[in-house]
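Colleague: Sequence:
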Amino acid sequence: MSKVKKGVLLINLGTPDSPAVPDVKRYLIEFLMDGRVIDIPAWRRTLLVKGIIVPFRAPNSAKLYREIWDSQTGSPLLHYSKVQRQLLQQQLGADYHVELAMRYQNPSIPKALANLKRLNVDSIRIVPLFPQYASATTGSVIEKITEEIRDWPTFPALSVANHFYDNELMVEVFVENAKKHRPETYDHFLFSYHGLPVRQLLDVDGSGKHVCDQAGCRERIDGLNKFCYVAQCYATTRLIAGRLDLKTDDYTVCFQSRLGKTPWIQPYTSDVLKEAAAKGKKRLLVFSPAFVADCLETIYEIGTEYATEFKELGGEKVQLVESLNDHPKWIAALEQLARGELSGWPKSESLTL
1 MSKVKKGVLL
11 INLGTPDSPA
21 VPDVKRYLIE
31 FLMDGRVIDI
41 PAWRRTLLVK
51 GIIVPFRAPN
61 SAKLYREIWD
71 SQTGSPLLHY
81 SKVQRQLLQQ
91 QLGADYHVEL
101 AMRYQNPSIP
111 KALANLKRLN
121 VDSIRIVPLF
131 PQYASATTGS
141 VIEKITEEIR
151 DWPTFPALSV
161 ANHFYDNELM
171 VEVFVENAKK
181 HRPETYDHFL
191 FSYHGLPVRQ
201 LLDVDGSGKH
211 VCDQAGCRER
221 IDGLNKFCYV
231 AQCYATTRLI
241 AGRLDLKTDD
251 YTVCFQSRLG
261 KTPWIQPYTS
271 DVLKEAAAKG
281 KKRLLVFSPA
291 FVADCLETIY
301 EIGTEYATEF
311 KELGGEKVQL
321 VESLNDHPKW
331 IAALEQLARG
341 ELSGWPKSES
351 LTL
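If you read the sequence shown in the working numbering, its first letter stands for residue 1, the second for the next number, and so on.
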C-alpha cells in the first residue's frame, strides 16, 4: 500500500496563455472581474471592466507581453513558477505531492485541487506566492479555494502560509542578487511594490478605519498593523536595507501599477523617479520584493518603462534586481513554507482554515 502523501499547492497570480489579444483579454477579464481586485458593486465592475478597461487595455497589454515572451519557455512568470514547483518537489521528496496553480487562467486552481483530491492526500498546505498579505492577492486565493472545495464530502487538514514578508532566506536572495550589481556604484535605491487602492487597507485591523500614517505602518509592524500590506512592505524593505547597510536616506519605498482615479498607496514609483532625477540622482538600483518571479511588472514595467522614463528625466541608469526565480535559497524558503517551518524576524504566522 502506497504511503499517503501530504499535498502542497503553490499559487501565483496568473498570466495569459499567450500574448495574443484574445488570450490577454480572457486573462484581464478574469483578473479584473475579481471582486477583491476591483472592490466595487458587481454591476459597476462589469461595465467598467468589460465595457471600458479590457477593450482598450488588452491590445496594448498584448504588445507588452510580446516584449517579454520567450519563444521557448513562454511567460517568464509561468516558466519560473513551473521550475519552482519542480525543484520544491525534489526537495520535499516522495512523501509530498506539489501542485502549481494560477489564481487566474492556467494551470487552474480547480484542476490542481482535483489532482490533490484524487490522490487522497491527508493534508494540503496552501502557499500563495505573495510575500506580503493583501486581500486582492492572498485573500482572493483563500476565497477561491474555499469556494472550490465547499462541496467536498471530506476535507484533508488545510493550512495556509498567509505571508512571508520577513522570511530570512527570501531576504538573503534579494541581497545576493543586489550585490551582483555592485550596489556601491548606485546613488539611490528604490523598493517598488505593487500598488493597491487605499480603501483596501481600511479594515486590515478589523476597525474599518485603519490609516497607515496613524498606525505607524511605515516605521514599524506590530500586533495592531500586522496584516497591513503597507506595514509588511516596509518591514521587508527594512530587512533588505539592513543587510545592505543602507541608511534611510539611501532608499525610497514606492508603489507601481495603479489603475483608475481613486487614491492608491503613495508615493507612486513614477513620481519618485521624477523626484530622484530632480535631486540629481543618476543611477538607481530597484528592488521589487512583492514578486517571487520576474514577470511583466518587473521585466518590462521597471526594466524598460521606468528605465526609459528616468533617462528622459536626465538620469543614467535604472537597474532591476532580479527576483527570487530559481535561486537555491528561495527553494529552501519554499520548503520551509511548505512544511510550515516559517523563518523570519519575528516568526511569521500561519493561518489555518
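Think of the hints as simulated: they come from the structure by calculation, not from any bench. Some hints here could point you the wrong way.
With a straight-line Cα cutoff of 27 Å, these simulated DSSO-like cross-link-like pairs (lysine-lysine) come out [what the hints assert, rightly or not]:
1) Lys63 / Lys274
2) Lys247 / Lys144
3) Lys50 / Lys179
4) Lys25 / Lys111
5) Lys311 / Lys279
6) Lys317 / Lys282
The structure displayed is predicted, hence computed values, not measured ones.
Colleague: Measure nothing beyond the straight line between the CA atoms of lysine 247 and lysine 144; if it is 27 Å or shorter, mark the hint as holding.
Modeller: Given pair lysine 247, lysine 144 is violated - Cα atoms ~41 Å apart, limit 27 Å.
Colleague: Sort out whether lysine 274 lies within 27 Å of lysine 63, counting only the CA atoms.
Modeller: 26 Å, holds
Colleague: Holds or violated: lysine 311 and lysine 279, Cα atoms, limit 27 Å.
Modeller: 14 Å, holds
Colleague: Please work out if lysine 317 and lysine 282 have their alpha carbons no farther apart than 27 Å.
Modeller: 7 Å, holds
Colleague: Below or equal to 27 Å on CA atoms is what counts here, so check lysine 50 against lysine 179.
Modeller: 44 Å, violated
Colleague: Within a Cα-Cα threshold of 27 Å, do lysine 25 and lysine 111 meet the stated pairing?
Modeller: 22 Å, holds
Of the numbered hints stated above, those contradicted by the structure are hints 2, 3, listed in ascending order.
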